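Asker: Input sequences plus hints: build the corresponding full structure.
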Amino acid sequence: MYLRDDIEVTGERFVEQHIVDIEVRSVALGRTVVVRLLTPREWSVDPGRKWPVLYLLHGGDDDPTGFTTHTDVVERAVADDLLVVLPPGGRAGFYTAWRRPDSHGTTPDWERFHLTELRELLERRYGASDVRAVAGVSMGGYGAVTYAAKHPGLFTAAASYSGMLHVTRPFAALLLRYYLRSVGERLNAMWGPRWTQRARWKRNDPVHLAERLAGTPLYLAAGDGARVAGDARAPGEKLIERLVAPATRELADRMAALGEPPRTSFGPGVHYWPSWQRELERSWPFLVGALKDTLAF
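All residue numbers for the sequence shown refer to the numbering used here, where the first residue is 1 and numbers rise by one.
Simulated from the structure, these hints should not be mistaken for laboratory data. No incorrect hints appear here.
Just the calculated beta-carbon pair ranges, DEER-fashion: (1) Ser103 / Pro235: 20 to 30 Å; (2) Leu175 / Ser103: 13 to 23 Å; (3) Glu75 / Gly230: 14 to 24 Å; (4) Ala79 / Glu12: 21 to 31 Å; (5) His151 / Arg25: 20 to 30 Å; (6) Arg41 / Trp195: 50 to 60 Å; (7) Lys202 / Glu260: 16 to 26 Å; (8) Glu42 / Gly11: 18 to 28 Å; (9) Thr294 / Ala79: 15 to 25 Å.
These figures come from a predicted structure and were not determined experimentally. Glycine included, each C-beta is placed from N, C-alpha and C at the ideal position.
Answerer: Structure representation (structure tokens):
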């Protein structure tokens, strides 16, 4: 058992080869959650070597198993000898520090959990190196870019697939409020009212944090709301993508204006896993390259 004042490992379960679930009790979250690890070749608990790390952040109303169910990331992790971390982010945690209790009755600080508690645990016990990249889908895409902006230098690269990357743009607050309410959460418990908590909202808006992303390679992807023939369907997939895609374009334009143009992927696609699998495949060389190039130094 691994125990620190802020995080405790309460269980480990090998789901299958190269997939390990670790149960941890977190002070930052005030609850116990399960983190999924995709392990590289020759990995073992408490190993004598370190591996480059890719954090993959899931979307809203989902959990870490979405990546292992709907993508080929397990095979990719093994092939490229990466430790891939699939942490929980809550049904609508938005990878942020909440102001008031959520529906679980605690006031979660997802940022502290992911970037301090979990990161230190993985580096001390599970073979994670200090070379990291981060990517995510939907809410997780927002989290990936926001984490990279708030902590310059922590990640060698960041990627967002269909992320809401401009939360203070017109109607974004309404969209967020509607979504949080649909899963039993309150927007005011997260950041508070937009008009009375303007500074807090801006501190959590990637477009307003754009200058802090300078020097971090970015991959920004969003679809046009057109489903590719043969893809599985999901309720609202087209409408949601059309609502969030402009935010990705706005951040891309803002970074280009700062002289830091990101890699972009805009084309057919909707707010669902077949589109995100294609973006994972397209961005994989970018992410792995950033990790391996850093290790080369």
